[in-house]
Amino acid sequence: MIRPFLSALMLVAAPAVAAQDVAVPSGQPLELMELRLDEAQDMARFRFLAPELAARSFAEVADDFAVLCADFARPALDAEGIAVEKVVISLSAQKVSFGEPAPDVTQFFEVFRLSNTDCIWEYF
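In this text, residue positions in the sequence shown follow my numbering: the first is 1, and each later residue adds one.
Hints are computed from structural coordinates only; laboratory data are not their basis.
Taking CB as the label site, the calculated pair distances span: (1) 41 to 118: 15 to 25 Å; (2) 115 to 38: 17 to 27 Å; (3) 81 to 51: 26 to 36 Å; (4) 83 to 103: 31 to 41 Å; (5) 55 to 83: 34 to 44 Å; (6) 83 to 105: 27 to 37 Å; (7) 78 to 103: 34 to 44 Å; (8) 78 to 104: 30 to 40 Å; (9) 83 to 121: 12 to 22 Å.
Just so you know, even glycine gets a beta-carbon here, dropped at the ideal spot from N, CA and C.
Take the sequences, apply the hints, and build the full model.
Encoded structure:
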């Protein structure tokens, strides 16, 4: 059961990101906005605010997703003993409520399947 661990994971993950920048290949600053655990889809969603995203192309930030999965999301889940099948990493230029349309806000998403110790990119 995932739900009991949500509060604990938020307390562990969010302060760590607030205290230091997540180092990604693009060099853009990031802040963890939200972590959502979805039991029905066996998935964890890590939503990051990326204020400089609107000025960047997807190609410029594409490598950031794998780093965020492998170096941030995976260790956070492992530290809390949370096992999910998939991780979604999302970057947004502005804070947007989950599930709300925001056509004027630059947002990118990638999905990874977790296998052993790897984050495997999934085409969707």
